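**Student:** Residue strings, one per chain:
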Amino acid sequence: MTNSATNLRLKLPIACIILEVIIIILFGTLVQYDDETDAKLWHKEIANGSSNYDNNFYYRYPSFQDVHVMIFIGFGFLMTFLQRYGFSSVGFNFLIAAFALQWATLMQGFVHGMHGGKIHVGIESMINADFCTGSVLISFGAVLGKTSPVQLLVMSVIEVTLFAINEFIVLSVLGAKDAGGSMTIHTFGAYFGLMVARVLYRPNLDKSKHKNCSVYHSDLFAMIGTIYLWMFWPSFNSAVTAHGDDQHRTAMNTYYSLAACTLATYGLSAVVAHDGKLDMVHIQNAALAGGVAVGTAGEMMLTPFGSMIVGFLAGTVSVLGFKFLSPILEQKLKIQDTCGVHNLHGMPGVLGAIVGAVTAALATKDVYGDGLVCLFLTSWESVPSPGFMVKLPLLRKQTDAIKVCIHTTLPGEEGSQEELTTVRTPDEAEKLNA
Amino acid sequence: MTNSATNLRLKLPIACIILEVIIIILFGTLVQYDDETDAKLWHKEIANGSSNYDNNFYYRYPSFQDVHVMIFIGFGFLMTFLQRYGFSSVGFNFLIAAFALQWATLMQGFVHGMHGGKIHVGIESMINADFCTGSVLISFGAVLGKTSPVQLLVMSVIEVTLFAINEFIVLSVLGAKDAGGSMTIHTFGAYFGLMVARVLYRPNLDKSKHKNCSVYHSDLFAMIGTIYLWMFWPSFNSAVTAHGDDQHRTAMNTYYSLAACTLATYGLSAVVAHDGKLDMVHIQNAALAGGVAVGTAGEMMLTPFGSMIVGFLAGTVSVLGFKFLSPILEQKLKIQDTCGVHNLHGMPGVLGAIVGAVTAALATKDVYGDGLVCLFLTSWESVPSPGFMVKLPLLRKQTDAIKVCIHTTLPGEEGSQEELTTVRTPDEAEKLNA
Amino acid sequence: MTNSATNLRLKLPIACIILEVIIIILFGTLVQYDDETDAKLWHKEIANGSSNYDNNFYYRYPSFQDVHVMIFIGFGFLMTFLQRYGFSSVGFNFLIAAFALQWATLMQGFVHGMHGGKIHVGIESMINADFCTGSVLISFGAVLGKTSPVQLLVMSVIEVTLFAINEFIVLSVLGAKDAGGSMTIHTFGAYFGLMVARVLYRPNLDKSKHKNCSVYHSDLFAMIGTIYLWMFWPSFNSAVTAHGDDQHRTAMNTYYSLAACTLATYGLSAVVAHDGKLDMVHIQNAALAGGVAVGTAGEMMLTPFGSMIVGFLAGTVSVLGFKFLSPILEQKLKIQDTCGVHNLHGMPGVLGAIVGAVTAALATKDVYGDGLVCLFLTSWESVPSPGFMVKLPLLRKQTDAIKVCIHTTLPGEEGSQEELTTVRTPDEAEKLNA
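Chains as they are written, first to last, in our numbering: chain A, 1 to 434; chain B, 435 to 868; chain C, 869 to 1302.
Rather than coming from a laboratory, the hints here were simulated on the basis of the structure. Possibly wrong hints are sitting among the right ones.
[Stated by the list, open to error] Per the computed footprint, the stretches of chain B lying under chain C, defined by three or more beta-carbons under 8 angstroms from a beta-carbon of chain C, are:
(1) 490-497
(2) 683-692
(3) 700-707
(4) 739-749
Note that the structure is a prediction, hence the values are computed from the model and not measured. Here a beta-carbon is modelled for each residue, glycine too, at the ideal position from N, C-alpha and C.
Based on the provided sequences and hints, a complete structural model is requested.
**Tutor:** Written as structure tokens, this is what we have:
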């Protein structure tokens, strides 16, 4: 206890204040408003014929706020189901999220490309920073109760940095498309957290296992977290997809996937329960796996039918994971996955990557029409943002899809693409290609 | 206990999985993306001059998310005020809502019209499915604590089906306008639930009445539900009204109705309380009656003044119902209305229908201008969606209003209507008439 | 107890019902739909070429709902950290907020200008009414546990009236710009509340001090309030700023200020804690000070760097205030500030006013471009709404900035202003100047 008191009294203030001062200095030297938040630049756009109502704020901010609620309320309260760590969960979640979103702005800015030596910030960088924060909070779920706040801050510094590099590799080098982050957010966050949990393995933690039990009110608080994550997952997956049908379709696919996943979770949970009662941990976690599993394919023409199959599978995999895999992870691999992130984010994330690859491989102009261009377009020279085609080297068929896309988007081509160009203002075209 | 365990162990998994498999098969054969979610169709619209920013997603999705929060957080936590059923409330609410929204998509699709044998889905079908789900959850409030999850799923299957048929009769056959669902959602849900409660009447439930008492923390959880319902009711009532002034006005009328209703509730609750203390059940429920009672008339030119009178009356009726009518219902009619849905949804819903009929009867072109067309337009040949005129056969005066509307909308007419046509793109006109 | 029972039984019903009847009568005689909520007037705009999608509803309603959540959930649950007053906090918060928003509509309408003897209402009046309500709830925090609901209603009547007058003086007479209300909402609310707390000083309240202690579940409920306030503060500060870059920039500046403030709060809280533990009261309150302190300057070109410095300072000042100033206030000035509103709203509000004045003084056309016009424009003859330049008489340098603004906006001038005029439709220009 004395140790922990010293830790908080000295190390936590030093960590918080030094990190914040470093961030402020870096923001002062490196960060600038982007075209849509800078008064002068935006009013140049206005002078060139844009309307204030074209500002991206109006098309992204409601999604951003939903994502924000998932990060701070959803993740924060989800983990309160462990009575012993209820307050740590919410309190530390708040601290590391507030830190990680600042650090993520810098790291994602560095890696994803600077503009004349400056990082440009606006609503999309805010959403991406929250996404990266989400990944850190997933890892937090794997180590909850085993770490001090200072260790969590150190973990955040490292994880955010690696997240940005991994995101760059997946989206830019491999050219994969992963708007809802099945791969970049969930799979990365889960396996990073499990790795840390392995390092922090303490055999005698077993003895305090009863502390992991949940109680009545803790379960109700946890349901606040669960339900907010569940409700706003459509916003999460669609937050940075292309405007128009993409955003609309992604939200709807996620909605159906989650609904099917919930039915699968309730059904399976009752089957595997030893006393025939629903296991609250399953409901609080596995019902969300449907959102994870359509993170990659959700913006494609997956159809409600396809989304429901994916959600149903994700819920099944997740409940079975909680029941059969988690004990094995702990006993054989010495990984104490406190909140079961392997079952909620790990396996469903891998499932999501596979579904995304398959769905992308099946993409044809017959199904997508001109939408294929916008959805799968890769601009090799520009800095990538989420919204690119799946180009996993393992999947040969993929490359055909790529060829189709590139062919379709070659500038100066004939056909429907030209029609498209004529009706778009330069500004709109720029946004589509952003 | 053994019985209940068997129920969960066998019946619940079977029910969940069979129902979900049926739904998935029906979605696979019958459900398609609509024009705004299908990549190919939307990009045809883009090629025809639409902008991505015209996608209905941007005008409906924030409302949808508010409605979603009402369904899953609002209804879920509202019912936690009964300590004994706190977790059932949230947990079963989650299950039946996730099921009902899928089933509602199919049933509403069947009844409200197919497109070449297919049900088209998009943001409006999502909102309508959530509305139907709300009706099921109202009924759930009447039978809370008396049903197993399997019984609730069976009830949902039946109620959603009847809801869709009733909605078709009210909106399409009778041609009534009921955007906020005073009639179709609240009145229907309440009386359906009361009917089921009557069937499930168990005289010895009286003995366990003390379990119905609320406690400190349960009351705080219930207030989460109440306040979310209260705050987002303006979004609920305006979610599927016509774009523009209709949506704006509906939200505002609901806001004022609820504020006035809350003052009436606090005032009346203190009057009727036996010990001079505010009754938490009144505050958690009756304060919401103002939202129910402007569900039909809210989109009309009810004025803030009119909305407040309606809200004040609704709060009064609801508190008096809790105090004097509920005991009578239980003793004389053998209806144990666990959450008092008759007081929150039943009577205020009927009040709302009456207010809607009167307000519609008073509608004149002098007050609405060209807005009369959009608000009260009925297209008899096309598939109806909420947003139609009240045509209750009982109200003769009504028909005059209808004649005015139809007259005003006759194609090829002179005057302001023609001016309107000239400034609208075909796409906008289509949306207005949708 | 008998006394309190009588109070509730007689005085509360009388107060609620008489106040509501007065409000309804005043609404009936004085309040009208504005151009965007009135069916006839809006359809005139449509006939003149506007689109339904131009309705201000779509650009303000999501922000309004976020503000609404802050008022009813944020303030309501924030104060539950005092276990003794948990339910009072939420229940009375609900009552006085529902009353204050109606009264504020009238008072702000009177003071800020009538249109032909009528108060016009729409989404902006709704946001402004919620803002005024926020100020009342801040004062409520200072007197929590010392007042009956009837006293709170009386306080609301007086405070709302004075708020409207003060707002008129600050925004219209002094011409200050204060979109997020550092001055008009937070500083006013805090010092009004402290004044009332001084009047209500009861020396023997000390003896029941242990009732002020917080407990486990209360802390979790309070975190719901804190986190909702924290998340939606960007919406609060940007809700009534000008459309386009202003709204976008304000939200982003607030986001960064709050993140930096949170790190400062955790750091400082651990330093000043007597046992090396984080003080939950600090985290629940001081972490929010960053939102208060950028309420005035947030819409200016403060930069993320500047916002973070302001947030860091606000968090520091707030934690130190809780630790060192609150005991002094109670002992020396006999002010029992129950929730510490002086530390959360008082001092950070004053800091925000200073930051706003300095930032406005540094505003140049070089930084803002044509945006300077829109941001700092003052129309002396028209009714002011938030969104005007800081013109505190104390700051001489300010007047230069004013001259620049006025110079830039003179009608019929040469240069970029003319370019601007040519691309704007009359409707857009009107909105910009609104």
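**Student:** Each of the hints needs a verdict: does it hold here or not?
**Tutor:** Against the structure, the hints come out as follows:
1. Closer than 8 angstroms: that is the beta-carbon criterion, and the stretch 490-497 of chain B has 3 residues meeting it against chain C, so the requirement of 3 holds.
2. For the stretch 683-692 of chain B, the stated coverage by chain C holds: 6 residues have a C-beta nearer than 8 angstroms to a C-beta of that chain, and at least 3 were required.
3. Closer than 8 angstroms: that is the beta-carbon criterion, and the stretch 700-707 of chain B has 6 residues meeting it against chain C, so the requirement of 3 holds.
4. Judged by the Cβ-Cβ criterion of 8 angstroms, the stretch 739-749 of chain B is covered by chain C as claimed, because 4 of its residues qualify and three suffice.
Checked against the numbered hints above, the structure violates none of them.
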